[in-house]
Amino acid sequence: MSDQKDKTTHFGFETVPESDKAGRVQGVFNSVASKYDIMNDVMSAGIHRVWKDAMMDWLAPRPGQRLLDVAGGTGDIAFRFLRRAGHGHATVLDLTAPMLEAGRKRAEAERLADSLDWVVGDAMALPFEANSFDVYTISFGIRNVTRPADALAEAFRVLKPGGRLMVLEFSQLPNDGLQKLYDLYSFNVIPRMGQLIAGDRDSYQYLVESIRNFPDQEAFLSMIRAAGFGNAKYRNLSMGIAALHSGWKL
Amino acid sequence: MTDQDPKFDRRMLEALICPQSHGTLSYDADRQELVSRAANLAYPIRDGIPVMLVDEARVLD
Numbered sequence: 001m002s003d004q005k006d007k008t009t010h011f012g013f014e015t016v017p018e019s020d021k022a023g024r025v026q027g028v029f030n031s032v033a034s035k036y037d038i039m040n041d042v043m044s045a046g047i048h049r050v051w052k053d054a055m056m057d058w059l060a061p062r063p064g065q066r067l068l069d070v071a072g073g074t075g076d077i078a079f080r081f082l083r084r085a086g087h088g089h090a091t092v093l094d095l096t097a098p099m100l101e102a103g104r105k106r107a108e109a110e111r112l113a114d115s116l117d118w119v120v121g122d123a124m125a126l127p128f129e130a131n132s133f134d135v136y137t138i139s140f141g142i143r144n145v146t147r148p149a150d151a152l153a154e155a156f157r158v159l160k161p162g163g164r165l166m167v168l169e170f171s172q173l174p175n176d177g178l179q180k181l182y183d184l185y186s187f188n189v190i191p192r193m194g195q196l197i198a199g200d201r202d203s204y205q206y207l208v209e210s211i212r213n214f215p216d217q218e219a220f221l222s223m224i225r226a227a228g229f230g231n232a233k234y235r236n237l238s239m240g241i242a243a244l245h246s247g248w249k250l
Numbered sequence: 001m002t003d004q005d006p007k008f009d010r011r012m013l014e015a016l017i018c019p020q021s022h023g024t025l026s027y028d029a030d031r032q033e034l035v036s037r038a039a040n041l042a043y044p045i046r047d048g049i050p051v052m053l054v055d056e057a058r059v060l061d
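Going line by line, the protein sequences match chains A and B. Heads up: the first sequence at position 173 corresponds to 173 in the numbering used here, and the numbers run straight through without jumps. Heads up: the second sequence at position 21 corresponds to 21 in the numbering used here, and the numbers run straight through without jumps.
Hints are not guaranteed to be accurate.
[Unchecked claim] Listed below are the simulated SDA-like cross-link pairs for lysine to any residue, each with C-alpha atoms no more than 25 angstroms apart in a straight line: (1) A:K105 to B:R46; (2) B:K7 to A:P98; (3) A:K160 to B:R10; (4) A:K160 to B:T24; (5) A:K105 to A:D117; (6) A:K21 to A:L112; (7) A:K7 to B:S21; (8) A:K160 to B:H22; (9) A:K160 to A:D117; (10) B:K7 to A:Q195; (11) A:K180 to A:K160; (12) A:K160 to B:M12; (13) A:K160 to B:R46; (14) A:K21 to B:L13; (15) A:K160 to A:R66; (16) A:K160 to B:L13; (17) A:K105 to B:R10; (18) B:K7 to A:R66; (19) A:K160 to A:K21; (20) A:K21 to B:D55; (21) B:K7 to A:D117; (22) A:K105 to B:L13; (23) A:K21 to B:V59; (24) B:K7 to A:A107; (25) A:K160 to A:E129; (26) A:K233 to A:D57; (27) B:K7 to A:K7; (28) A:K105 to B:E56; (29) B:K7 to A:A149; (30) A:K21 to B:R46; (31) A:K7 to A:A149; (32) A:K21 to B:V54.
[To be verified] These stretches of chain A come out as covered by chain B in the derived footprint (C-beta under 8 angstroms, 3 or more residues): (33) 100-106; (34) 123-137.
Simulated from the structure, these hints should not be mistaken for lab results. We treat Cβ as the ideally placed atom computed from N, Cα and C, and that holds for glycine.
Can you build the whole structure from these sequences, using the hints too?
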C-alpha cells in the first residue's frame, strides 16, 4: 500500500494510468464479444471447457444456492452452475453489456430465465448488499480487473458467512522450459488467430500479455488470504496453464 | 416497449443497491432508471439490463 497519486496499472505489457484501464478493457471485450466463445475454443483447443467443468467438480454446487458470477459475460459458468445445482439462482455481472447480451441470447438463458439475472457492474464496487451470495465465481476475469485486491475484498463482502470464493484464471507453468514453449505459442500464435477469426489482433495481443503479467499461484493465494478468506487453496489445471483458487468466508 | 424487448425484472430491485452509497434504489419505469437518492445518481436500464456503473449514471439535479 505504498501507492500515491498518478497510480498506474498493467494493460498487457503497457503501463497505463489506473483510470484508463477499465475503459481499455471494455474496449477489448466490446470488440471481441460476438466471437469470444469461438476464440476461447480455438485459443485453448477446447480445454477451457474442461477447466470450467473442473471448477464445477471442485465447487460441487448444491440445490438452492445463490451464485454471483463476476466477469461472467457469456454465461458459461452460470449455466454450468445451475445445471449442476438442479435448482438455484445465478446473477451474472460483467463490465460490458455486449458480453451479457451474448449470454442472454443463448438457448440455455431462455430456459433458465427465471433463475438468472444479468447486471452490468464493476467487480471493485459491486451493487449488492453484504452477505448476499453462497458462491462467488470469477472465471478468466480477475486479471482484467484494475485492482484485483479490491475485487477480492468485494467478493468477501457480498458472500454470506460460510460462502465460497472460486477463481479460475490463467497462471504460470512450473518450470522455465515449459513456460518458454508456452510463451512461444501464445505470443506467436494467439494474436494471429485473433486476427484470422475475430479480425482483431490487438485485443488478443492484450489477452496474452495480461496472462503473463498476472501473479503466479502462490502470490495469488496470498492475495486471497489477505482479503480475509480462510482455508484457501489452489489446484493447477493442465500443469498450471490455468489454476483454480478456492477460499471460504469463515 | 413491445413484447420483443427484454424487460427489467422488478424482483432484481430486492438484490441491487447503489455501488457508491450502498443505499437502496427506486425504479423509475418511465425513464428506465434505478435511482439512488443517497448518491444523487440514476443508473440506466438498457434492454432490461441495469447498468450499475457510477461512470454511466446520470447525476440528479
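ask   = Of the numbered hints stated previously, which ones are contradicted by the structure, given in increasing order?
value = Failing hints, ascending: 6, 10, 11, 13, 14, 19, 27 and 29.
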